[in-house]
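Please construct the entire structure, taking both the sequences and the accompanying hints into account.
For the record, the sequence lines run as chains S and E. Taking numbering that gives the first Met the number 0, the leading residue of the first sequence gets 0, the next gets one more, and so forth. Taking numbering that gives the first Met the number 0, the leading residue of the second sequence gets 0, the next gets one more, and so forth.
No wet-lab data here; the hints were simulated from the structure. Honestly, I wouldn't trust all of these hints.
[Said to hold, decoys possible] Result set (DSS-like, lysine-lysine): computed pairs, CA atoms no more than 27 Å apart in a straight line: (1) S:Lys-286 / E:Lys-144; (2) E:Lys-118 / S:Lys-261; (3) E:Lys-64 / S:Lys-279; (4) E:Lys-81 / E:Lys-103; (5) S:Lys-286 / E:Lys-137.
[To be verified] Here are a few chain S residues that sit away from chain E, every Cβ distance over 10 Å (derived from the structure): (6) Lys-4; (7) Ser-44; (8) Asp-74; (9) Thr-99; (10) Gln-102; (11) Ala-116; (12) Glu-198; (13) Val-267; (14) Val-285; (15) Ala-307; (16) Glu-321.
[Claimed, not checked] The following label-pair restraints were derived from C-beta to C-beta distances: (17) S:Lys-337 / E:Glu-54: 42 to 50 Å; (18) S:Thr-311 / E:Val-111: 26 to 34 Å; (19) S:Lys-337 / E:Asp-24: 53 to 61 Å; (20) E:Glu-132 / S:Asn-336: 33 to 41 Å.
For every residue, glycine included, the Cβ atom is placed at its ideal position computed from N, Cα and C.
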Amino acid sequence: MDECKLVILGFGAVGQGFARAVLMKKEFIKEKYGVGLKIVAVADSSSSAICADGLAEEELLKSKAISGKVGSYPDCGSDLTGTDLLDAVDYDILIEATPTNIQTAEPAKSLTLKAFAHGKDVVTSNKGHLALFYKELIEAKEAAGVEFKFEASVGGAMPIINLCQENLASCGISSIKGILNGTTNYILSRMTSEGTSYENTLNEAQHLGIAETDPTQDVEGIDAACKVVILANSVLGIDATYSDVEVRGISNVTLEAIELAKEEGYYVKLIGEVSKNNLKVSPRLVKQNSQFAIDGTLNLATVTTDLADEITVMGKGAGSLETASAMLSDLISIIKNK
Amino acid sequence: MRMDLILEILDVPGQLVSVLSPLGDLGANLVTVIHQRENKNEKGMVPIQLTLEGERENLNAVIEKYKEMNLSIIEIDGVVRKEYFSTILYGHIIDTDVRDTVDKINAVEGLVVSALQFKLEGELASTALLTIEMDVGKREYAYEKVMEIAKEKDFLVIDEV
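The following block contains the structure:
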């Protein structure tokens with residue numbers, strides 16, 4: 000393979016981050032792996048840009064920034080989106096970066112299955128379809144004989160899935176415990192350091208763009224629970240889906256609880272736990288001198304193994320370029336195996 | 000490698016022999032043994048100090064054997080084999096009889112409430128941090144007990160990782 004044709008579906012923070020990452024790294028990838036990356040189509044929710052000769056990353060980002068629609072790309076704009084677009088273009092790998100939908104898993108699920116049906120590999124940052132239909136997707140991937148990589152879906156830039164599946168291949172993994180949501184970690188850290196109430200801290204996080212206008216997915220633990228499901232399936236081989244996770248968020252964590260914990264040498268953190276007997280997300284006490292005592296929007300995971308004992312990783316759990324880094328690494332690993 | 004152990008045995012004939020006899024078969028060598036019968040602890044048990052030598056898996060086999068024999072291991076290499084488990088409870092702690100909450104936990108074998116801190120918020124709900132001391136390996140047990148009480152008394156739980 001000396002050229003790799005990419006389709007990016009979903010052009011929000013992650014999709015744009017991916018285009019930027021390609022722009023920054025394509026020379027390096029060409030030099031090191033001998034493969035030229037070419038973005039042949041990009042779609043957002045209502046428009047697309049398509050060009051078999053390749054689209055310029057700067058121009059894509061500019062068009063999106065100016066009009067809010069990637070379809071305003073000069074001379075290459077189109078109304079085709081979603082599965083219709085996949086049917087219409089010639090591509091090698093789908094970069095799927097549409098928003099997570101935990102109710103129906105769409106459009107991610109249809110797009111992914113369509114790409115598999117075309118015999119194409121898929122790299123995704125999406126959690127919804129993995130959390131709801133993991134088994135179905137993996138079966139479809141295997142039937143199609145293609146690659147399906149989703150490192151970016153858990154912990155953003157922090158390597159965890161590939162770390163466990165590849166680097167820790169010799170080890171039996173009995174549990175993963177971690178801080179899998181940056182927004183809630185920010186809120187809990189600020190309540191601890193500033194002594195502010197949950198409501199005020201949430202407002203502050205929303206002003207800073209750390210929490211969304213509707214913060215439900217984060218604060219109620221839904222986002223972290225999706226990641227627990229993905230880790231359970233992909234690392235521990237547990238056939239679980241979203242409804243198997245016991246989920247409790249942080250909206251009823253009081254300042255008194257945080258202060259009492261602090262006085263006694265603990266912090267309160269939203270912890271996702273994955274083990275054979277336990278799939279849960281809940282506020283927990285962590286010792287102030289433990290690895291879990293991290294501040295801000297960082298993510299962290301501790302993997303307990305039989306041979307290597309404990310391994311802990313930490314990194315940026317969100318952010319456009321950070322999340323794109325995980326997707327680009329997934330893409331490189333697919334290219335290397337071709 | 001070497002391993003230092005402190006065990007507790009009952010003060011009845013044959014106990015020391017039963018502790019030492021499995022060693023040879025499990026591939027562990029006895030380096031020292033200190034056994035002073037007059038040194039009983041508050042529970043009326045006699046502590047024995049052992050230093051063993053062997054490969055890691057042999058020494059682990061000894062520990063497993065002792066657990067199987069229901070011997071209580073107090074320390075391994077200077078580390079006390081007691082665990083502490085802290086948990087925050089939030090709800091009507093006082094109104095639902097805090098004494099009863101503590102008694103229920105203490106009633107479980109191997110669990111003792113060793114500390115209890117409160118933050119009271121007037122007539123409203125209050126927050127308590129409870130620390131339970133327990134024998135090693137009883138953690139799940141302690142957690143289940145706390146959750147059972149929390150469910151019954153409608154407390155929110157923030158348990159330790």
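Hey, is Ala-307 of chain S genuinely clear of chain E, shortest beta carbon separation above 10 Å? Ala-307 of chain S clear of chain E: closest Cβ-Cβ about 15 Å, beyond 10 Å.
Run the distance test for Lys-118 of chain E versus Lys-261 of chain S: straight-line Cα separation, threshold 27 Å. 12 Å, holds
Cβ distance range 42 to 50 Å for Lys-337 of chain S and Glu-54 of chain E, holds or violated: 46 Å, holds
Glu-321 of chain S: least C-beta distance to chain E exceeds 10 Å? 25 Å, holds
Could you grab the alpha-carbon distance between Lys-286 of chain S and Lys-137 of chain E and see if it respects the 27 Å cut-off? 19 Å, holds
Just want to verify: Val-285 of chain S was marked as not at the interface with chain E; is every Cβ pair farther apart than 10 Å? It is violated; Val-285 of chain S is separated from chain E by about 5 Å at its closest Cβ, not greater than 10 Å.
Under the criterion that the straight-line Cα-Cα distance not exceed 27 Å, is the pair Lys-64 of chain E, Lys-279 of chain S satisfied? 34 Å, violated
Quick one: work out the minimum CB distance from Ser-44 of chain S to chain E and report holds if it exceeds 10 Å, violated otherwise. 39 Å, holds
Restraint status (C-alpha distance of Lys-286 of chain S to Lys-144 of chain E at most 27 Å): Cα-Cα ~22 Å, so holds.
Are all C-beta atoms of chain E more than 10 Å from that of Lys-4 of chain S? Per Cβ check, Lys-4 of chain S is outside 10 Å of chain E; nearest 45 Å; holds.
Given the hint of 26 to 34 Å, is the C-beta distance from Thr-311 of chain S to Val-111 of chain E inside that range or not? 31 Å, holds
With 10 Å as the threshold, tell me whether Ala-116 of chain S passes as away from chain E on beta-carbon distances. Non-interface label on Ala-116 of chain S holds, nearest chain E Cβ at 43 Å vs cutoff 10 Å.
Violated hints, listed in ascending order, are 3, 13, 14, 20; each of the other numbered hints is respected by the structure.
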